[in-house]
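Chemist: As given, the protein sequences belong to chains A, B, C and D, one line each in that order.
Counting with this note's numbering, you get residues 1 to 358 for the letters of the first sequence.
Counting with this note's numbering, you get residues 359 to 716 for the letters of the second sequence.
Counting with this note's numbering, you get residues 717 to 1074 for the letters of the third sequence.
Counting with this note's numbering, you get residues 1075 to 1432 for the letters of the fourth sequence.
Hints are computed from structural coordinates only; laboratory data are not their basis.
Treat the hints with caution; some may be incorrect.
[Said to hold, decoys possible] Some but not every residue of chain C turned toward chain D, in silico, with C-beta under 7 Å:
no.	residue
1	P933
2	T966
3	Q993
4	Q996
5	E998
6	F1026
Ideal Cβ placement from N, Cα and C applies to all residues, glycine included.
There are 4 protein chains.
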Amino acid sequence: MLSGSEPAFLQGNCQVLDVGVVGGTGYTGVELLRLLAVHPDVNLKMVTSRSESGRKVSDLFANLRGFVDIEFTEPDVETLGACDVVFFATPNGTAMTMVEELLQRGARVIDLAADFRIKDIDEWENWYGMKHACADIVAEAVYGLPEMNRDAIKTARVIANPGCYPTAVTLGFLPLIEQGLIEDSHLIADAKSGVSGAGRGASTATLLCETSENFKPYAVDGHRHLPEIKQNLAMACGHQVGLTFVPHLTPMIRGIEATLYAVSKADTPDLQALYAQRYQDEPFVDVLAQASMPETRSVRGSNLCRISVFRPQGGDTIVISSVIDNLVKGAAGQAIQNMNLMFQLDETAGLLQPALMP
Amino acid sequence: MLSGSEPAFLQGNCQVLDVGVVGGTGYTGVELLRLLAVHPDVNLKMVTSRSESGRKVSDLFANLRGFVDIEFTEPDVETLGACDVVFFATPNGTAMTMVEELLQRGARVIDLAADFRIKDIDEWENWYGMKHACADIVAEAVYGLPEMNRDAIKTARVIANPGCYPTAVTLGFLPLIEQGLIEDSHLIADAKSGVSGAGRGASTATLLCETSENFKPYAVDGHRHLPEIKQNLAMACGHQVGLTFVPHLTPMIRGIEATLYAVSKADTPDLQALYAQRYQDEPFVDVLAQASMPETRSVRGSNLCRISVFRPQGGDTIVISSVIDNLVKGAAGQAIQNMNLMFQLDETAGLLQPALMP
Amino acid sequence: MLSGSEPAFLQGNCQVLDVGVVGGTGYTGVELLRLLAVHPDVNLKMVTSRSESGRKVSDLFANLRGFVDIEFTEPDVETLGACDVVFFATPNGTAMTMVEELLQRGARVIDLAADFRIKDIDEWENWYGMKHACADIVAEAVYGLPEMNRDAIKTARVIANPGCYPTAVTLGFLPLIEQGLIEDSHLIADAKSGVSGAGRGASTATLLCETSENFKPYAVDGHRHLPEIKQNLAMACGHQVGLTFVPHLTPMIRGIEATLYAVSKADTPDLQALYAQRYQDEPFVDVLAQASMPETRSVRGSNLCRISVFRPQGGDTIVISSVIDNLVKGAAGQAIQNMNLMFQLDETAGLLQPALMP
Amino acid sequence: MLSGSEPAFLQGNCQVLDVGVVGGTGYTGVELLRLLAVHPDVNLKMVTSRSESGRKVSDLFANLRGFVDIEFTEPDVETLGACDVVFFATPNGTAMTMVEELLQRGARVIDLAADFRIKDIDEWENWYGMKHACADIVAEAVYGLPEMNRDAIKTARVIANPGCYPTAVTLGFLPLIEQGLIEDSHLIADAKSGVSGAGRGASTATLLCETSENFKPYAVDGHRHLPEIKQNLAMACGHQVGLTFVPHLTPMIRGIEATLYAVSKADTPDLQALYAQRYQDEPFVDVLAQASMPETRSVRGSNLCRISVFRPQGGDTIVISSVIDNLVKGAAGQAIQNMNLMFQLDETAGLLQPALMP
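Generate the whole structure from the sequences, applying the supplied hints.
Modeler: The following block contains the structure:
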């Protein structure tokens, strides 16, 4: 293979962004690197990892051989702060300890973890089991779901990149909730995720032998994404909603499917038209034709959310199915979509690849 | 390997049943043969298949080498009619054309397909798209869910063996429905099945490359198991219920998980105790401890249904998770449980094996 | 989603190739479309399918929604002949019946099936069980393995795109064979393929339930790729070689791994240096560092072949492991690499994406 | 479910063995428990685990609910020593520290780890990286491959239960090696294992997301099972052999397939007859019909080894394919087969179940 000279498209472009990634050894990290490596407007300046410092990134992730030539380094505030944008692909509670120093140095921050997602600090501390380090920045941070907050994202200094389940569920309910068309005291979101959502950490629970040929619900009594989804829906309709959210673990690597149930109010309009119209200008939401079934593989490796809406047997229960790739639209891809918006790039830059199928 | 002499336990038992299997080339068929081959009270007399007639059963299914020594033969009413019991592991619409002749000859019949499941002939013809051949026998047939109909099963001549989804969903809702504890106008059953539920027929849709690493809903507008489930629930509570049933295809071979949602009425009792008590004498329903999560692999290859009941955040939405192996409790195992009951054998005979895990 | 205007990069380029695809409904077909859809120098003019004629390509392959906007059409010699290049992603025996008409009209042809791979017509007819339709074009056709035949490919009118196993095995043995460093009378290639190699046709043998959680050899007595590999190796060393080739079916969608065994002659040099040097200028062959293990996922969706060479316990048996994505370097990607060479495009155009991992 | 009274077949049998299991939390442990739980001659007296002490076994392994009612306890020499037989399903290096105390108390020992497999202590210490604790017992221990050592097993106090790869490879080569029919200086064993062979310990390398949809060789430079296989083959032919052994990781839970290659000497007889005859009295080796392909799923959950032998294109290279379930014939099942032999039970007791397929 040709030795690692930079791809041609990274040269001779005067508006290239300097990008830093903190915590590049997990699945959202390597996915971010996969997408950044071929983004036409990005210069990947630093990828940090305390545990892998000094090792070539492509030694850990063989798919990046020939695409990412740098080593993991210790996090360094000066180098990171000199970047245009810093992504945090770290465990919860990490970004909040570094964000202020980076903002002071002029960098903008996109956190793929949960540090800035929940506006109510008490609720955040309750669900995440730790003290928050910078409540003021939570107030300032913009929730990075472009389909809800595109304008605010453009000028944000700090983006709270949405969780994977909240992305799939919120986009699924949004048109109905915004229009007040459903009884919102007993919403149901039955969601299924591939195993990559559980991360790359060593654990018995996510071994192939524990998760393959197996299907199960988990966290039925309460999952951290519940308050995040409820916050989104409340934002969209102006009041608290009642939601039962049950996640399930599915024997595959990537993908989330959320099946949503709601009872319609009396005078529901043409649902297909409602969804098509709501998302007609969205580059990454694809409303399928009537009676089409979304499938997770149709978005594998892509930043799309595909949605169908049903009214079984013409009854008053509405069913929505929404699929995303949890690592792309549910994490790294959406983070890059946010970066594109923040820096006035084409919103789709670096994100237009068909899903890998089969 | 020792050549195929009969297992010792099949000899010297004076109450051995002569058993025939019509249509032994699909997944419910081979599963039936796997279980019958080591059942202590069974003499497997005939396995029919028009397409594979003359071929050794164990040439088609290598796992049966050394256990099943006979060949597939053309269906023959005389030989089948001389059996004590005949299982139909055939497509829908087959058993109904042969059942009368077999009953006349004194055989009893267990149909693993849908011919005798729906009491309302019009509804059956509507969902299954064909004319029914013997409405009178539908009236006589007993729906073979032992947890609802044990006594009737014991004396039945014809058993309608339940569908896989109906088994998982009915057993999940049963304690609540029988006691009238939930609002039953908007029940929701979000069910997920392994691919073996779709059968062994050649088809692009169930290729590994189409179903692996993929998750999707299907038949959202209406699945044939919907009327069957509704009939069961109506039987249990005495009136029609409202149910939305959404099946999903999961990338694994075996297993069904059904997550059920219902809104409780005001004065719901201790749900854990309710379920434990309802199923305390059932050999094949296992109510898990509070906060335990059922997983499909815990019943792989076994006849058990494992169930948990939840009330997330103490709200009024009740969540039940119910898992079975679709080929065992959802098909072949339940059929054998019915046979055991019909012939006054130990109800668990031939069915007491721990699930294969991992 | 924005309705299907053409991607920006397909406009304003004066050297865009008009491309036709015959037989776009199999896995090599859809993979070709996935790659062509974002190739900067390609205008996809026609995708033919007799069975799906009139249907939108993206209705069959949801991953192409928004990327491929045309319909399947009946094959039409005039339209195809007006293309710069026509790919055949058809069953064996199809391209040979159309190639002459297309060449006459000035199109160049890349056949992803086997019609032009074997120079010895008798041998081809023997292995493929049919009469060849155009022996003269076989003589003219260039075997499209750029690492062996780059210059000839550039001027070829007809490319025989290599089979998947032959690509992995030939690239693995090539440096040793070219240098005459091994005893070549008893070469062994133990190869393992994902299920997509068996195609998208309806069949019981490739159902998820038949292939998942299962591993097996097949065609041990002789596989069609055997004569192709032997022809390649003979070409490289100037004489016939002895080869035992055993393919295996592996429970995954994509990927081939070939483990190759050969006994070295007395004076073998530094194998690592030999391989590194042989492939140093090859954009799509990546020789891994000593003791690194190739894994198929490291090339999933990518056009790379990754190779390692070993000499266990310092003995005289050399072991090579070679991995490719059977649908990319083993089919569609290599076809596009050939197209790039034929039309003086950058050899890597449209093919520089990191593998999807995890 | 009926509360955990003992299965009927465990009562009223005067020759029941008291059995202890040391280290019951790994995959060989739980498989041993699955098989022992329904073994007609076994009373499971103690299952030890330091980490899980005090927890019900069936809380950790839900498939054992209703079958195993005891708790994990700290290992206790007195209780274990009072057992008829003690199985070690522990990491390498554990059994050797306890075996003497148990033998003194009259228990017999079956070690499923490697402590007693290699007769050459230096070689063992070299491959296993630790000092051996009881060389004298290594000398006494019997290698528990019944097909080689049945008589010695019957009277052994200590059984070294074979490794998974050595079982599949040795049974595959045995007939040829015993008869001296092949050149044995360059034998090749290309073996493929499911992920359960790597154990239940938390590790990134065996996560579903690292191993699913992936295939790779590992330990090409030397695997601990290499000296064990070579010792077996040397025992069978009376001299050292040359063997290249390459294991591969396959994306499935259970199963090993070994494809073996050897060059025949001049006057090779009918291979099919040779294999059929060699194994005709073996209850757990099944030689398939000519041209049949062994597949791992045909032995899933079963104690069988299935073997086919080929001579591709009638050449002088012989190819053998041998499949086992690594957790059964490759570990727990073979251990029970050994126990049966040691205590004059029917050799097949508790082991006659058809494989779970699909």
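Chemist: Evaluate each hint against the coordinates.
Modeler: Hints versus structure:
Interface hint status for P933(C): upheld, as the beta-carbon distance to the closest one in chain D is roughly 5 Å, under 7 Å. Nearest Cβ of chain D to the Cβ of T966(C): about 5 Å, under the 7 Å cut. The hint holds. Annotation: Q993(C) was flagged as interfacial toward chain D, and the flag is violated, the nearest CB pair being 22 Å apart, outside 7 Å. Given hint, Q996(C) at the interface with chain D, is violated; its Cβ is 23 Å from that chain's nearest Cβ, farther than 7 Å.
The criterion of a C-beta within 7 Å of any C-beta in chain D is not met by E998(C), whose closest approach is roughly 22 Å, and the hint is violated. Taking 7 Å as the C-beta contact cut-off toward chain D, the hint placing F1026(C) at the interface holds, the least distance being around 5 Å.
Checked against the numbered hints above, the structure breaks hints 3, 4 and 5 and satisfies the rest.
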